[in-house]
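Dock chains A, S and R against the given chain D, drawing on the hints supplied.
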Amino acid sequence: MRIDGKGLVDRSKPIRFQFEGIGHTGFEGDTLASALLAKGVRLMGRSFKYHRPRGVLSAGSEEPNALVTIGRGAVQEPNVRATMLEIHDGLDARAQNAWPSLKLDAMAVNDLAWPFLGAGFYYKTFMWPRGFWERLYEPVIRRAAGLGALSGAHAADRHEKAYAFCDLLVIGSGPAGLMAALTAGRAGADVLLVEEDSRFGGRLNAETFQVEGLAGSDWAAQAIAELCGMPNVRLMHRTAVVGAYDHGTYAAVERVNAHRARPPEGGVRETFWRIVAKHAILAAGAIERPVAFENNDRPGIMTAGAVRAYLNRWGASPGRRVAVFGNCDDAHRTARDLEAAGVEVAALIDSREDIAHPGVDCRVYSGAVVTGSTGRLGLKRISVQAADGRKEIEVDCLAMSGGWNPTVHVTCHMNGRPTWREDIASFVPTPGSIPGLVAVGACAGEFSTQACLTAGAVAAKEVLKDLGLKPPRGALVPEAEDTPYRIAPLWAVPGKGRAWLDFQNDVTVKDVRQAAVENFRSVEHMKRYTTQGMATDQGKNSNVGALAVLADVTGRGIPETGITTFRPPFSPVSVATFGAGAQGMGFAPQRLTTSHAESVVRGAPMIEAGLWYRPSYFPQDSETHWRQSCDREVGYVRNAVGVCDVSTLGKIDLQGPGAAELLDFVYTNGFSTLKVGRVRYGLMLREDGFVMDDGTTARLGPEHFVMTTTTAAAGQVMRHLEFVHQVLCPHLDVRFTSVTEQWAQFAVAGPKSRALLNAVLEQPIDNDSWPFMACGEIMLCDVRGRLFRISFSGEHAYEVAVPARFGESLFKLLVARAEALGGGAYGMEALNVLRLEKGHITHAEIHGRTTAFDIGFARMVSGKKDCIGKTMAAREGLVDPGRERLVGLKSVGEDATLSAGAHLFDTSVAMTPETSLGYTTSAAFSPTLGHHIALGFLQHGPDRLGEVIRCVDHMRGLEAEVEICDPVFFDPEGGRARG
Amino acid sequence: MVELIAKSPCAGLLPLAIGDVQVVEVDLGVLTSIAPYAGQGGATSDALRAAHGMRFPKLNRATGKDGARAIWFGRDMALLAGPPCDASMAEHAALTDQSDAWASVVVSGAAAEDVLARLVPIDLRQAHFATGHAARTLVKHMAASITRTGPESFLILVFRSMARTLAHDLKEAMEAVAARG
Amino acid sequence: MRLTCPICGARDRREFYYQGEALARPAPGAGAEAWDEYLHLRDNPAGVRRELWQHEAGCGAWLVVERNTSTHEVLGVSLVLDEAQA
Amino acid sequence: MTFSGLRVLKEGLTGNRGWAPHWRDPEPKAAYDAVIIGGGGHGLATAYYLAKNHGLTNIAVLEKGYIGGGNIGRNTTIVRANYFLPGNSEFYSHSLKLWEGLEEDLNYNVMHSQRGIINLFHSDGQRDAFVRRGNAMITQGDDAILLDREGVRQHLPYLDFENTRFPIYGGLYHPRGGTARHDAVAWGYARGADRRGVDLLQNCEVTGIDIENGAVCGVQTTRGAIRAKKVGIVVAGRSSQVAAMAGMRLPIESHVLQAFVTEGLKPCIDHVVTFGMGHFYISQSDKGGLVFGGDLDFYASYASRGNLPTAEHVMEAGMTLMPMIGQAKLLRSWGGIMDMTPDGSPIIDRTETDGLFIDCGWCYGGFKAVPASGYAFAHLMATGQHHETAAAFRFDRFRTGRGLLDEEGTGSQHNLH
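So the protein lines, in turn, are chains D, A, S and R.
Counting from 1, position 509 in the first sequence corresponds to residue 509 in full-length UniProt numbering; the numbering is continuous, with no gaps.
Counting from 1, position 170 in the second sequence corresponds to residue 170 in full-length UniProt numbering; the numbering is continuous, with no gaps.
Counting from 1, position 28 in the third sequence corresponds to residue 28 in full-length UniProt numbering; the numbering is continuous, with no gaps.
Counting from 1, position 139 in the fourth sequence corresponds to residue 139 in full-length UniProt numbering; the numbering is continuous, with no gaps.
In short, the hints are calculated from the structure, not lab data.
Hints are supplied without guarantee of correctness; some may be wrong.
Dumping the calculated BS3-like pairs for lysine-lysine here, alpha-carbon to alpha-carbon at most 25 Å [said to hold, decoys possible]:
hint, chain 1, residue 1, chain 2, residue 2
1, R, LYS287, D, LYS103
2, D, LYS496, D, LYS391
3, D, LYS49, R, LYS287
4, R, LYS266, D, LYS103
5, D, LYS49, D, LYS391
6, R, LYS266, R, LYS287
7, D, LYS812, A, LYS58
Pair ranges (Cβ atoms, derived) [to be verified]:
hint, chain 1, residue 1, chain 2, residue 2, range
8, D, PHE132, R, ASN203, 34 to 42 Å
9, S, GLY31, A, SER88, 46 to 54 Å
10, R, THR2, D, ALA609, 56 to 64 Å
11, D, GLY610, S, SER70, 50 to 58 Å
Cβ coordinates follow ideal geometry from the N, Cα and C atoms, glycine included.
The shape of chain D in the complex, shown without the other chains:
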């Protein structure tokens, strides 16, 4: 029922929206909850287990009952709190977890079966017959469980992340937060004030108190106006601080456009803020707690503070005839405010015997409790046990207050435990729980407006002191309401029926009692056994009540019983917001070579390799299968000349008098003996003796080297070099830096490679001027470059490097020349076949579990010097001849397909883990040899050359007899590379 003249909604701005398919009108400033209550709609949801009819319990983000689904398809959002959802034109909200309709929900039969569905019932049944769990029970349970539904469509709205830094973060803009921000802001501090609500002011907007003779909400508006005028203060509303992390880092979610149907073009729905604050003041207020009595969960029963909020802020009375039930003076305000607003108050029921007169006209029952309620889809009547007997009172709304719980949650995010305060029967934050953060105001258990204002100012002054700033002069704290907070704990009203503690998860006092009986007496056990506190409100409404009931049945005090841990996030965060910027390609950078565009133009499928993209093969029109392209490209290299972009390999430039010594230490083999103008292959171990990486290193000058790494390990090797230099060998005077990106480098491989190069080099080369493993500077089309005569394919080959700006141009030139010579570009598939034919290893072989001994390179570990990994590589277990060691494999008789990942067995033995002698790492069809070849690791491998074994790939359904051979299948003498 809307009350004329009350509330902060803008009645000149009506808004049309739908709930459950029915159109309603609300006003700008309304939430879905306030707008529906104003229309007399009380039923808004169904509970999780028993599908009980539910209405709003609260007026904030802790709401456990009124959860709805909005949007459709790609922007469908389930589990939206009606209490936080700002209505907007076209809003279409639907109830959840109800079928066929909210009013008539078939699953409500569960409520009749409640005696069989108590705490933990499912641990005791559904065990027979075996196998029925997956097939029958679980599917039924899964369908019944859950709240709202995802649409299944890819998310469509954009989200973003951002960083913010400040000297002081103020969390919450109620009286304490505003006063803290004003005090620090006026002193010139760098302040960030964040407010979860759409409107600054906190409870000042929900109460009728005056501050400095102004209405609370007006004073708040005035304070905000002053803060907006300060260049050193930033204000963020619709922003919830959801987590406190180490060293002053806070996570916050800003609902930038989440209160609209869709974000504007280019805009984001929400922003995930990483806030770094030197100091933080937590002024998050408090959350009122319900009282447990029989059927205390009916639509129309809500917290007293929520009733005041709807009445005072939104001008909407949740009922026409309201009763108020509480255990503290605070509840009396609700009766007073309602009466002042002309709403009929049927009764004020206070569980305490002696209370000061609340100053209301309605009938006051002291020492009385509400013992039950009736009304299937909404409250009709309450039963009251009063001093003068039992009463039945007709009401459509009950405002209940069990007292207030300070919002301690964020202070527990770093394992802090709150402290119990007997006088207010609540937990308060333990100082120091979050380094650099102080809690003030209601969230520190100070409940009067005056106390909140003062505490905010005092806390801010402490921060100013630490920042070395002068606090503003003059009397700062305005006059405000300062009534004491009187309460006598009332957790559960005795009774036979079910009294709800955790509304959403349907956990009742009975369930907690039963858990205790079954010896789930630890608060953690009770939580896990009953699911109390595991609903979407994470126990904000139920933890303390349930804990008190548990303490009572186990005969312990509340502090001894302890409390479960509050963990981030404070309020739920969309995965799209927390993971913003990653959908599609944003998850990791894309690295493109200079030949990328040209490769794409040539139709090459681009494959991912260590964040880079490389061409798989270059198809030609006549070709229908990648193998045809691959075989042709292999032919280029074996018979004419092929060109391949190898720029993705890591390149590290090392200079200085200590360069050679550093290389000697990181490589198993020596480099100080390498001549200037020569290249050498090097093997690099991890300190545990296994192979880390391999590659060639060229000596460009007496103290100047260029190391190449594999594409995959480039980053790891760079970090390793820094480690070795800074940590292990600081005495070495060497400097190194990555030049991977500086050079575009292309392999030119094949019998006609020199012919091709000589057509573009200013100084032609020959076998004497540029023998195998030679390197040096060259001039190529007026560009200074580098030429390395190295070969991964085993052919007469070179790698030519030019500054990257010329990469695309040179690639086109080289490919065109190659084509003129009967060759052309080749991709990763061909490159892999070529290296395999030569028995050259890649990370398929050096996969982190193989040693130099395993790959047959033991002789490459120099005996003359120490190197990283040398000692541990000599461990007895790593030099055992029985280890799986590298061999070549080729099919026997008619060619059979060999595959990588197959297991190796002796012929005619049962295939068991014990008889598995090894596995294949790489395999391909060799067009050069006309049959399949593979590399693999085999126990005693090199000692078994010539023997025939079985190669079995269950996954691909392949099996073949293979002959064990040397890993080098082609040109073992290596004459072609030298020729």
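Chains A, S and R alone, transformed into the frame defined by chain D:
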């Protein structure tokens, strides 16, 4: 004689102008990383001043000006941007040509700070990161060098191969900031 | 989590690479036990320990970080190179 | 009391007055034949199998807090047998077989759900690695199926197959893999052990291990001294501290692993899905929450809480792989303390002290191992001999290099597994 055609890292990706923020690719000229050898820091700085008229930058700072700038580039390293590094420096420091290794862009405009706040995990506000300040940090997932070159302009370097991702990330941030109005 | 790099100042954890406890590399001939200790065995205290980190996405310096593994409190950060000279 | 549907019915009709404690809270005795330090999943399972398989019932489990309060109470509940190195394969294969009979064995519904696990791969190289793994699983007698891209699409149509940073090439499907209700596993073993006479001593923290001339003779606890000729240490997350009481250093560094759960949702993810390139894995609990996690925070920690960079990375992985979960809301995050070893594999071994045994180093693979770990550790404690399925989990493999079990191939840096 065939001529090789040069192509800049951000060719076809930039410029971008969204809201009141602009991103343009800049040609910084020759880039040379200068890493002084042990105990050669002072000599390197003197040589740099003699040859190019600017000191070796202090930690997290840049010296020089547009056209000839020395940017602190990490532990014991600076990046000389502009003139070819004088050969005499080689006796004090390791010199490495980086001219083609980096994509260089300038982000400018009233909201440049807001745009970068979406991508960079350090405080780039004027009071904490003034003109002439330089940092090695991240731009979203990319290692980067960031230098404030003016009240509303930042010079950003990332690996050449990541130019497309840089342009994409900046564009999304600029659109989001612009949409806030 | 933030670490204060002696060169770059306070930075977010995402800029750093963590390697492990700061230990001295044994001599090549130190024996199997010494190498087993270096590579494998750890005191692994629930409290303060010295660790090796690298400011990988920043200046590239390797750091010795004194940190409490129970509270994540950082007691000190220094350059490995300075430690070597000290 | 035997649990059954009938029992639930009977109690329901009689006001649920007949329920009894799932386990007793006995006072500690002065001496036991054996004590197990640690009332987590592995410790409770050890006690259960000591009693069931070896008839040792005069034993106690010493738990410093409440039983099931360690990593068994905070994990992502995945159960699988998809290892490929000999030494691991047979162990996890045995564990899965025990899982498959666990409800009947314990008379407790641990909700073991064999919904199938799909490990996605994103390159030819990864496919080959998974093929090797799958072949090892088949050879071991377990199940594995290689799915191509279309095969994955049939199972997981909601993945982004068009516009994701690491394109999906296919997956290794392990139909018998799945999940279980983690707390119920602890409670089921606790109840099973208790019914066989084992004393479960909660709030009983071990403060010292008594050793006389090379042999263990008891422990000191916050509830008094307890004599025992055999002591088993099973305290994942605190292994180094407890081992130190016996003067041992372990090849372990403790790290934090975060996990996450969303608000309840109607069924939308029916399998366990893992995304190697993003270090991301996800399943949906029977209650409806999406349960997911990623990689370690990578710094040593006992704080059982993590920080933002890893959490963000996990969410980002989810968004590039399956953007349909964008509007699911993260409800809760937590962190567990992981015993990280130099090869990523566990230790079930005797120590240099007679009668003192240890079961540790589960990294973040401990949950699925609970049955086989308890089974093998009980065997070791009772017989002094390694159980055949766990013979490889020895200390000396690091010193000798013999029988290292490095499934990741990342080497001896503790946090890289």
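Cross-check of the supplied hints:
1. LYS287(R) <-> LYS103(D): holds (24 Å)
2. LYS496(D) <-> LYS391(D): Holds: LYS496(D) and LYS391(D) sit about 18 Å apart, inside 25 Å.
3. LYS49(D) <-> LYS287(R): holds (10 Å)
4. LYS266(R) <-> LYS103(D): It holds: about 20 Å lies between the C-alpha atoms, which stays within 25 Å.
5. LYS49(D) <-> LYS391(D): violated (31 Å)
6. LYS266(R) <-> LYS287(R): This hinted pair holds, its Cα atoms lying about 9 Å apart.
7. LYS812(D) <-> LYS58(A): Violated, at about 43 Å.
8. PHE132(D) <-> ASN203(R): 34 to 42 Å: holds (39 Å)
9. GLY31(S) <-> SER88(A): 46 to 54 Å: About 50 Å separates the Cβ atoms of GLY31(S) and SER88(A), which means 46 to 54 Å holds.
10. THR2(R) <-> ALA609(D): 56 to 64 Å: Taking Cβ atoms as reference, THR2(R) and ALA609(D) lie about 59 Å apart, which means the hint holds.
11. GLY610(D) <-> SER70(S): 50 to 58 Å: violated (37 Å)
Checked against the numbered hints given earlier, the structure breaks hints 5, 7 and 11 and satisfies all the rest.
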